[in-house]
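Participant: One letter stands for each residue in the lines below.
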Amino acid sequence: MAVSTAQTTPPRQTSDRAAQLRRRRYAADRRLKFFGLAAIVTAIALLGILLGSLILTGYQAFVQTHVTIEVAIDPELVDRDNPASGNYRAVVADAVQRLFPEADDPAVLQEGSRIVTNGAQVILRNMVVGNPGLVGTTFSLQVPVSDPYDQLTKGVIQRDSPENRRRLNDAQISLYETLEERGLIETRANWALLFNADSRFPELAGLSGAIVGSFYALLVCFLISFPMGIAAAIYLEEFAPKNRWTDIVEVNINNLAAVPSIVFGLLGLAVFIQLFGLPRSAPLVGGMVLSLMTLPTIIIVTRAALKAVPPSIREAALGVGASKHEVILHHVLPLAIPGILTGTIIGLAQALGETAPLLLIGMNAFLTSPPGGIMEPATALPTQIFIWADSPERGFVARTSAAILVLLGFLITMNAIAIYLRARLERRW
Amino acid sequence: MDQMTNTRFDAVTAAPHNHSTHAKVVGQDVNVFYGDKQALFDINLSIGERQVTALIGPSGCGKSTFLRCLNRMNDTIDICRVTGKIELDGGDIYDPSLDVVELRARVGMVFQKPNPFPKSIFENVAYGPRIHGLASGKAELEEIVERSLRKASLWEEVKDRLAESGTGLSGGQQQRLCIARAIAVSPEVILMDEPCSALDPIATAKIEELINELRENYTIIIVTHSMQQAARVSQRTAFFHLGVLVEEGPTDEIFTTPKDQRTMDYVTGRFG
Amino acid sequence: MTGYLFLAILLFSLTAFYVGRSAGNGFVTANGRNVHSRPIYHGAFAAIWVGVPTLILVLLWLLLEDSVIEQLLVASLPASLTDGASPAQISLIVSEIRNVASGRIFSEPSPEIVAAAERYASWGMIARWAMVVVALCAMALALFLARTRMAPQFRARQAFERTLTIMMVFSATAAILVTLGIVVSLTYESLLFFSMVPPTEFFFGLNWEPQIAIRDDQVAGTGAFGAVPVFTGTLLIASIALLVAVPLGLMSAIYLAEFADARVRGVIKPILEILAGVPTVVYGFFAVLTVAPAVRDAGSLFGIAISPNSALAAGAVMGIMILPFISSLSDDAIQAVPRAMRDGSLAMGATKGETITRVLLPAALPGIVGGILLAASRAIGETMIVVMAAGLTANLTANPLEGVTTVTVQIVTLLIGDTSFDNPKTLSAFALGLVLFVVTLCLNVLALRIVQKYRERYE
Chain B
0 MAVSTAQTTP PRQTSDRAAQ LRRRRYAADR RLKFFGLAAI VTAIALLGIL LGSLILTGYQ
60 AFVQTHVTIE VAIDPELVDR DNPASGNYRA VVADAVQRLF PEADDPAVLQ EGSRIVTNGA
120 QVILRNMVVG NPGLVGTTFS LQVPVSDPYD QLTKGVIQRD SPENRRRLND AQISLYETLE
180 ERGLIETRAN WALLFNADSR FPELAGLSGA IVGSFYALLV CFLISFPMGI AAAIYLEEFA
240 PKNRWTDIVE VNINNLAAVP SIVFGLLGLA VFIQLFGLPR SAPLVGGMVL SLMTLPTIII
300 VTRAALKAVP PSIREAALGV GASKHEVILH HVLPLAIPGI LTGTIIGLAQ ALGETAPLLL
360 IGMNAFLTSP PGGIMEPATA LPTQIFIWAD SPERGFVART SAAILVLLGF LITMNAIAIY
420 LRARLERRW
Chain W
0 MDQMTNTRFD AVTAAPHNHS THAKVVGQDV NVFYGDKQAL FDINLSIGER QVTALIGPSG
60 CGKSTFLRCL NRMNDTIDIC RVTGKIELDG GDIYDPSLDV VELRARVGMV FQKPNPFPKS
120 IFENVAYGPR IHGLASGKAE LEEIVERSLR KASLWEEVKD RLAESGTGLS GGQQQRLCIA
180 RAIAVSPEVI LMDEPCSALD PIATAKIEEL INELRENYTI IIVTHSMQQA ARVSQRTAFF
240 HLGVLVEEGP TDEIFTTPKD QRTMDYVTGR FG
Chain A
0 MTGYLFLAIL LFSLTAFYVG RSAGNGFVTA NGRNVHSRPI YHGAFAAIWV GVPTLILVLL
60 WLLLEDSVIE QLLVASLPAS LTDGASPAQI SLIVSEIRNV ASGRIFSEPS PEIVAAAERY
120 ASWGMIARWA MVVVALCAMA LALFLARTRM APQFRARQAF ERTLTIMMVF SATAAILVTL
180 GIVVSLTYES LLFFSMVPPT EFFFGLNWEP QIAIRDDQVA GTGAFGAVPV FTGTLLIASI
240 ALLVAVPLGL MSAIYLAEFA DARVRGVIKP ILEILAGVPT VVYGFFAVLT VAPAVRDAGS
300 LFGIAISPNS ALAAGAVMGI MILPFISSLS DDAIQAVPRA MRDGSLAMGA TKGETITRVL
360 LPAALPGIVG GILLAASRAI GETMIVVMAA GLTANLTANP LEGVTTVTVQ IVTLLIGDTS
420 FDNPKTLSAF ALGLVLFVVT LCLNVLALRI VQKYRERYE
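Residue numbers (numbering that gives the first Met the number 0), protein chains in the order written: chain B, 0 to 428; chain W, 0 to 271; chain A, 0 to 458.
Extracted from the complex, chain B is given alone in its bound form:
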């Protein structure tokens, strides 16, 4: 018989086999933990790579290289009374000539004119139409340089790479360098990215058309899905009898939320465009299609928000003689509104990023001006990204990334508002 101090180590603990087994068990435990951590680190690293590569390629599109040219609006070329139909091509050619005063070889001038953006004539025309007093004057103007030179300035095209592997040959680069030496080249913020509409020339392409189109589509989407979603949710949560019909409606709503988005596009194409004859590419149709997808989301979040209002409130209101509708309109709905708003904003943010259904209804048209209304052809931010991603010009790679960053900026803002609303207004019972 041992004394009691010996009992601190009971037999099982002393056994080597058991200790060994326990070590193995703990090793397995640590392995599982390690794998879990590794998975999370991988997921976060992937997110980092995703954002990192977008920012790395996209930040360059937020600045644009400009060249200062001296423009003389010759009254011979542009009629003061009819400035819209002037010969701006010749005005620009003249400006290029002033840019290289000592050059007399037409080939050099030809190359020189390629430095200035192709859209310079349009920029000038818009300026003069806006201000006919410019006719006959000479002024200096900063215009974007064309895409290859922009890429050269930003270092995407490397000057020391072999000549046959870059898009600009040595002669073109040295011509451009004379401008750099004279201090005519300047890189500045690229507001055109936000305020221009789409263009075939990367240096002029902007997102304003897509932003306006997305806004209209979301507006339509909101106007349809918000009231209908709330009404449907109130009915299902507060009024609907529990029977097979409401069961079907419920299952149906849950399933609708998981239907692939492209199927909604097919529905929009077959019903809204083909059957009802609504115009293709219109934000109206886009908004209608998106609302079909937002509707289940809004119904689901509204029901959750209504459910969160404690029954005691309903009973209290019913107890003082309010009708069921009054209980809901006066008490339950106001208390549920923060939750509903939060869910709606998140639903709209999802709709803002949705692309596939908009492609099917034609919101991927090439349009050089923003839409004037919900019936006019338009693009949306995600479809614009798709169009640019498909464009071969090198400058569109950076612009696509930049457009994605703009889209993500909108999404983050919307979600931040939702989080703020939830934190600020939501009441815990």
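Worth flagging that the hints you see were computed from the coordinates, not collected in a lab.
Where a beta carbon is used, it is the ideal one built from N, C-alpha and C, also for glycine.
Warning: the hint list may mix true and false statements.
Stated by the list, open to error - No farther apart than 27 Å at their CA atoms in a straight line, the calculated lysine-lysine pairs in the BS3-like style are these:
#1 Lys241/B with Lys452/A
#2 Lys268/A with Lys306/B
#3 Lys351/A with Lys32/B
#4 Lys118/W with Lys32/B
#5 Lys137/W with Lys158/W
#6 Lys268/A with Lys32/B
#7 Lys118/W with Lys205/W
#8 Lys452/A with Lys306/B
#9 Lys351/A with Lys118/W
#10 Lys112/W with Lys351/A
Unchecked claim - Below, a sample of chain A positions facing chain W; criterion: calculated Cβ distance under 7 Å:
#11 Ala339
#12 Gly343
#13 Gly348
#14 Ala349
#15 Thr350
#16 Glu353
#17 Ala362
Mind docking chains W and A on chain B? Use the hints.
Facilitator: Below, chains W and A without anything else, positioned relative to chain B:
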């Protein structure tokens, strides 16, 4: 005495102590905090081996908290903090070098609500032996399962449906399954946290009978709400009130001649 | 003009509200407490009856106006234009008439066309004005009827609330209508397709070349519509996505649910949610910009030629997309296992890892499987990543290094640009859409049912 017939653990004997049996579990100055709130105050309690000790007291008095300290289940609650010393056979169970897994294999637990795993009856009982590597083969495992189920008086009822889900049993059977599951790893101490509160009277009677039988081989600590139950199954009783251990002693003394007025009030039904 | 009409409806409803409310106020002054409904309900009743029916009427009118006028126009065309013309030619004529009517004249139109265009323009004008007149009359009539019903004992509140209920029921039913619309429109167009291409060819054919001939005499004039390579391509990419997402998502969920403390959880969960909130077009561009070149470079490092639009790149990026989905659903499922299970296992002396792998995961398995099925349905229905990163040509292969095409890619490429609904090329997209809808619906129903059963088990 029971402990003298023990052959399973040779290192056990009656140590000199104020109780008639060897003290299996000893708590010294145990304080428990949940965040800022203190739940137990300076508990000093010795629990004798191979007998049933009942912890009684009104709800929220800390008796379950104390029970959960004894196999460190409070570790699973983030905000819980324990000070003082709790010894099992003289070894500090809150010693940082102590292996909590090994501790829990020695101190089994049965919960208030039966919580069989959603697996077959066999797998429920085999779970512990498997993870602790107690069986060297399938035959031995089957033997352990059968022995445990027999000890839990469940074998006759389930021997033909060992492959069925443990959650399909009745409440009382589920609780006995949980006891069998705890027994299967041959613990030295079994903690029972109101094991009958979710059961009907007949199932309760069966469990109480079982506890009486298990006393021969195990040290049992049972938290109970029912004073009748404490009187029926336990040899010693500890009365907790507002996080303080008010009184501890042989069960019949506690119920007939308590020393403290609070204990008197409680056992005679003035509050609780 | 339509905009002004909507404004008019709004103004009219407001007027009706004031008319109704002042009527109600009149009752109160005349009868004191012996009036059934408060004045505001008289107002609301009037407003809702003036506004809502008219709004519905106008919206329906706008929806149907165009097709009705077109029908009339086609019927009114002289036989010399329509005789023997196919539907496609008729629709060409109609669009020419429309162009002429709106002043976009490209070549010298025939006098019949000009006459038709004039008819078209005048009918459009008549229809618009008729709509305005009808809407105004309807509102006046509604206001008159509503006003005549008002009386001290008129149950305006009940009437108003009944109308609200009807509107709510309609909204709830709209969700059903959407599903019905999807089913009917997809089935209808698919039936048209199957009347041109036998279903056996579509479901079992191994050759997918849906281009139709530009000239009638062109070789292979009808195209081939064997969709098997499209289906296998979809499955290949979805499988790659699941192979990436399931282990990563499940392990993340295990770590989050059991190992991470509240602080770490609070940081990591939102990060994974960001991953879930990134639009798929962004993932598509990421696949093209970063992942596909990386995969190619890695391949050339080992001397393996990998197609620029390999299934591997598209599938891997899709895996990243569905990863947060799997991790959050698995996390929910693991968290939903009652604490008693966890305690029971830990009290037996099981380590955390053993508790997870032997008790929690088996108990949470239905929820996890449900989540994986939902994720699979997502992967199958996902469009933008594959449109941008996967191939366009159907390729019957199981090699992830080659380019394959998917159902969604084909739908988009077949329908992008101008579409007419009378050739098998366009219609095949709807047949593919129907298959996609049915498959994802089955997966969703199954998954939701499993998840629901699982939840009920622990409630």
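Participant: If a hint holds in the structure, say so; if it does not, say that too.
Facilitator: We went through each hint and held it up to the structure:
{"no.": "1", "hint": "Lys241/B with Lys452/A", "result": "holds (19 Å)"}
{"no.": "2", "hint": "Lys268/A with Lys306/B", "result": "holds (25 Å)"}
{"no.": "3", "hint": "Lys351/A with Lys32/B", "result": "holds (9 Å)"}
{"no.": "4", "hint": "Lys118/W with Lys32/B", "result": "holds (24 Å)"}
{"no.": "5", "hint": "Lys137/W with Lys158/W", "result": "holds (17 Å)"}
{"no.": "6", "hint": "Lys268/A with Lys32/B", "result": "holds (17 Å)"}
{"no.": "7", "hint": "Lys118/W with Lys205/W", "result": "holds (24 Å)"}
{"no.": "8", "hint": "Lys452/A with Lys306/B", "result": "holds (21 Å)"}
{"no.": "9", "hint": "Lys351/A with Lys118/W", "result": "holds (18 Å)"}
{"no.": "10", "hint": "Lys112/W with Lys351/A", "result": "holds (21 Å)"}
{"no.": "11", "hint": "Ala339", "result": "holds (4 Å)"}
{"no.": "12", "hint": "Gly343", "result": "holds (4 Å)"}
{"no.": "13", "hint": "Gly348", "result": "holds (4 Å)"}
{"no.": "14", "hint": "Ala349", "result": "holds (5 Å)"}
{"no.": "15", "hint": "Thr350", "result": "holds (6 Å)"}
{"no.": "16", "hint": "Glu353", "result": "holds (5 Å)"}
{"no.": "17", "hint": "Ala362", "result": "holds (5 Å)"}
Of the hints listed earlier, there is not a single one the structure fails to meet.
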